[in-house]
Amino acid sequence: MRRRDALPGLGLTLGITWLWLGLIVLVPLSALAIRPWELGLAGVWASVTEPRVLASLRLSFGAALLAALVDLPLGLLVAWVVVRYRFPGRRLLDAAIDLPFALPTAVAGLALTALYAPNGWLGAPLAAMGVTVAFTPLGVVVALAFVGLPFIVRMVEPVLRDLGPEAEEAAATLGATRWQAWRLVVLPALGPALASGLALAFARAVGEYGSVIFIAGNRPMESEIAPLLIVARLEQYDYAGAAALGLAMLLLSFALLLAFGLVQRWLRRGMA
Amino acid sequence: MRRATEEPAWLRWLLCLAAVGLLALFLALPLAAVFTEALRRGIGPALAALEDPDAVAAIGLTLLVAAIAVPVNLVGGVAAAWAIAQFDFPGRRLLTVLIELPFSVSPVISGLVYVLVFGAQGWLGPWLETRGLQVIFALPGLVLATIFVTFPFVARTLIPLMQAQGRAEAEAAATLGASGWQIFRRVTLPNIRWALLSGVLLCNARAMGEFGAVSVVSGHVRGETNTMPLHVEILYNEYQFVGAFAVAALLALLALVTLGAKAVLERMGGRRLESA
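Chains as they are written, first to last, in full-length UniProt numbering: chain P, 1 to 272; chain S, 1 to 276.
By construction, these hints were calculated from the structure, which means they are not laboratory data. Please note that a few of the clues may not be correct.
[What the hints assert, rightly or not] Cβ-to-Cβ under 10 Å is the rule here; a few derived chain S residues that face chain P: (1) Ala57; (2) Gly60; (3) Ala81; (4) Pro102; (5) Ser104; (6) Ser106; (7) Ser110; (8) Met208; (9) Gly209; (10) Ser215; (11) Ala248.
Every residue, glycine too, gets a C-beta built ideally from N, C-alpha and C.
Bound conformation, chain S alone (with noise of 0.2 Å):
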């Protein structure tokens, strides 16, 4: 017989046909598009879009960038999550709301204000011009706009978790004598590791994924200050549509791992919160 808080078994299969329909139109659609199209006349020109000199120095490049941005923002994100967590001070709830806003900024937003601080007409933008270092159509422009798109993924995951589990264990190794790196190496770090880790890795996809705000920031300069968005964008404004969905399946493939390794690391996570 069938539970009072069930639906009947043709509505819960209807509901389920519909449910995975709609992903399946909606999400693997596409991204199965992105592949056929890479692959439209066969692996070799796929490959050979890939080994093009411009589309290795993008793929370099998108690399240093992630490669420079997702450590500051570990760092400062691992900052904030144990002063904010585990501490009460004046302005915590406003570091917190600070904290999130670049998630409500348009990324074209974020590349323009580090062209209104930077650019040749910037406030600062001159004065560094003449001192030979150039931020905007340059790496620290890609860096900065890349750091600014990310900013709030390592503190936003972390802070929760950290709440929930409370300074008690922290607490206890202080009353100990531990110092503060060894309370953090110790104590902390075990106890949000998985979370960590999974907050890196959704950083460093949005970083190697940016579009809008490294996109203002660039200046498009082929093989000097493109990133493989900004590439994929290029080649496809030349109507070579094999080379720009190779690149961009390239960059697919790297959300598919991200999600794959997401999954992975939220189950090793939940996991250890039931043992514990």
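If we strip away everything but chain P, and leave its shape as in the complex, we get (with noise of 0.2 Å):
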């Protein structure tokens, strides 16, 4: 038998917890794993390889992959700065990393189809050079770059903050140039953090709705992505074929995380 605790409260606390977890989380989401097979395995499997479904589970996945790719140098240039320097208005820009936090959604997909229209502020220029952002993938990508820039720089931030000077100031008594010493002591300190940033602003980029649905422009086979096909299948009462695609966003994006961590602990391993 288990030694009585001095504290009290875990029965309760406990049972409110799982209660709240079971009846928000895992009831609805069971409905998402029980209800595709309603099709059967070829009607599912016929469900999600349409040619539709493909090109915006394509569209969906690749501008979440990029734009976290394009947030990675950009993070890490905020974070650098931030923690490094001391500057005029620092406090303010380390408080306005989180604005793609705090700003709803649809606002920032308003904002940022206003500013790339190409009679924006920079659509128009972004126009005279020959790019199009609004109304096509790119426009995902840069949707998607939005929401997914303060993980990065809050993942860095704190490792940043921990790591300190003094390794760098042993690789400068070594003789170490100052980019040296940064791309071999600094950034292999980075790596995972980095990588956990990555993974973050990719898995909320791959589900994102409503920062792109206003900017992508939502041609389908183009510039449609996977959650908006959800909704079009939810329209029209295919509710096998909502959770049927929802199902596999989800295992697919589960899928891809797990491989990630898995090359992360590699890598992570490799240094040791």
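Build the complex: two chains, separate frames, hints provided.
Following this line, the structure appears as structure tokens:
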């Protein structure tokens, strides 16, 4: 038998927690796991391999990966500046990083569309250079990069802060140039944090909806994201088809994140 | 002389400028665009759009949904943090992972799962319908979807903090005969109040701003099941740009206030930790 604990409340709080989790998350999610199979195995397969579905999955996962990769150097730059340098407005900059977290996605979508539309502040000069952002797959990447940036910064910041100057001082003492110290000492130390940030930004971007649908143009086969296709199927009361696509998205992103985690662990072991 | 672990001054300035420029272009400019578009025809039409009965109904509904969803997640999050941070029990790691789960689910899927359970062809939908209770395309559905997407906020801010603080103080209080509720009120709560407030704030901001999940369960009935972000979309699709951006600007203000308050709370929490 377990030793009686000095602190009270485990039974009560654990009961509340499981009830809350069960009713809100687990039971509804189980519907996602069960309902697609009303179509039968072949039906589910047919439903998630329609050309239009495959195109939307390619766009959602491809644009999410691209956006996360774009965010990687940008997030690293911002984190580095905020942690290492003192300059006027640094506090404001630090607080502003979380804006994409706090800004409702529909507002972000509207704002980015206004900005990058052919007559927008950024869209007009870009159009003059022959680049169209709004209502193309590029617009999807821009919106997803906006949403994902804080994930990289917030993962890198604490590691960079804890890193301290000692290792870099040692490198300098041993004759390393600043660039060598940065590339051979700092960057490897930030590796795991960068990888986690990349995974988080990607995971968020894959399912993103509100900030994308305004700027994407939503043309089937070209700029239609997978979540939008789920909505379209629901509007036709195709519950099983919507659930099949939702389940496929969820399993695909979990599988990718799992593979990513394994690679990360392997890399970390290689470094140690 | 420059320290060996410092970049040359020109490079430091260049990097600072690049970061500031990047954030200005990437974050400030979209925000500025929202307010500019809202005020394109002056403050009058923008305010008129906010006073429109449908907009007022949307604002009221958004407040109502948040007023139900946030307290539910507050109670659940505090209970989860109490159990997970202070006790060891079978399934603890699993529970921690499951609580984070809603953050890795697409907002659209978060709405979809409730349609699968409560919709017209859902598991419980028809049965509830005969008893006169409609969940999807009604308030309960909006509330459920909002609880789902804001589920982890409170728990995930509290768990690491309470773990770091340990349970010695709470145990001491228990030894002195304090009840569980007394320990929570007098010992735990003062230690976590700023983080708790910060978690609630973030939870609230997301609850009021959620789009994808509520969009799926709302049905988009004006004046009835339209929250503010959904109202923005409707106005935009009807080419009522000033109105759409006016409501969007109101939501953007909410985000700015949340960010400011969060920064203040973090400083207060940090100061507390330093003085402790």
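Hint by hint, which ones does the structure fall short of?
-> Violated hints: 1, 2; rest satisfied.
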